[in-house]
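For what it's worth, our numbering labels the leading residue of the sequence shown as 1481, then goes sequentially.
Quick caveat, the hints were computed from the structure, so don't treat them as lab data.
Each statement offered as a hint is correct.
Straight line, CA to CA, 30 Å or less: simulated DSSO-like cross-link-like pairs of lysine-lysine:
| # | residue 1 | residue 2 |
| --- | --- | --- |
| 1 | 1607 | 1695 |
| 2 | 1564 | 1699 |
| 3 | 1710 | 1612 |
| 4 | 1522 | 1486 |
| 5 | 1687 | 1595 |
| 6 | 1718 | 1607 |
| 7 | 1486 | 1595 |
| 8 | 1687 | 1612 |
| 9 | 1486 | 1591 |
| 10 | 1718 | 1695 |
| 11 | 1687 | 1607 |
| 12 | 1710 | 1564 |
| 13 | 1607 | 1509 |
| 14 | 1724 | 1612 |
| 15 | 1564 | 1522 |
| 16 | 1509 | 1710 |
Predicted model, so just to flag it, every value in this text is computed and none were measured.
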Amino acid sequence: MGQEIKVTGLVLNAGNIGEFDKRVTLLTKERGRITAFARGAKKATSPYAAACQPLTFGEFSLYEGRSSFNLMWADVGHYFEGVKEDLLLVSYGSYFCEFASYLTRENNDEKEILKLLYLSLRALEKKTIDPKLIRRVFEIKLMALYGQGMEVFCCTQCGSTEDLSCFDSSAGGILCSNCRKSGGRAVHISGSAVYTLQFILSSPPEKLYTFRVSKEVLKELDSVSESFLKQYVSHHFKSLDFLKLL
1481 MGQEIKVTGL VLNAGNIGEF DKRVTLLTKE RGRITAFARG AKKATSPYAA
1531 ACQPLTFGEF SLYEGRSSFN LMWADVGHYF EGVKEDLLLV SYGSYFCEFA
1581 SYLTRENNDE KEILKLLYLS LRALEKKTID PKLIRRVFEI KLMALYGQGM
1631 EVFCCTQCGS TEDLSCFDSS AGGILCSNCR KSGGRAVHIS GSAVYTLQFI
1681 LSSPPEKLYT FRVSKEVLKE LDSVSESFLK QYVSHHFKSL DFLKLL
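All chains, full assembly: derive it from the sequences and hints.
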């Protein structure tokens, strides 16, 4: 027998089904990533048409059937209008949602990833931090919450916490200067960048978007995150294609 359940979550994406219906993917606090069908959501008179838009956060009531969920009603808490009204920001937000959707699963505990996604969208909306920095913080923290975090507190080869000055994605993180000599794939990384990585990985999501970095450090974070994702994420994100054009 089916039952009605209530979940708190964010719409990751939505697609049309037939002439009047929509299919929405939600990242929820209670059930992880789930897909639900919204009957009649394409109609202008639908009571939850607005709630089926991507980047919408709120409480959703779902009817849980044998093999699918059906949306019954929604109480929206945040539409992220400030993100949706800006082409650049909505492109970043779409990428964050696509990345989160790729890594999360149904019936997994994804509460921390949902919190990270929500706070990252809020950071975009506030427009007080460079969205490029928000992107790198999101990527680095998301991978750690997923269970594939980079090692930045000690050398991945010898365990030393001194002279951490290189990053090698194939080694999983930071190397000390001595261990770099045994391989040529590591790139130099400044002490400021190492400290920034340590802060990102040791801080709760609520504290992540409270700092800024120099252009030089942001460039290093770009290089570190790009190489790490290339090493450990074998997926092409379509939203990045559009973001690169902006």
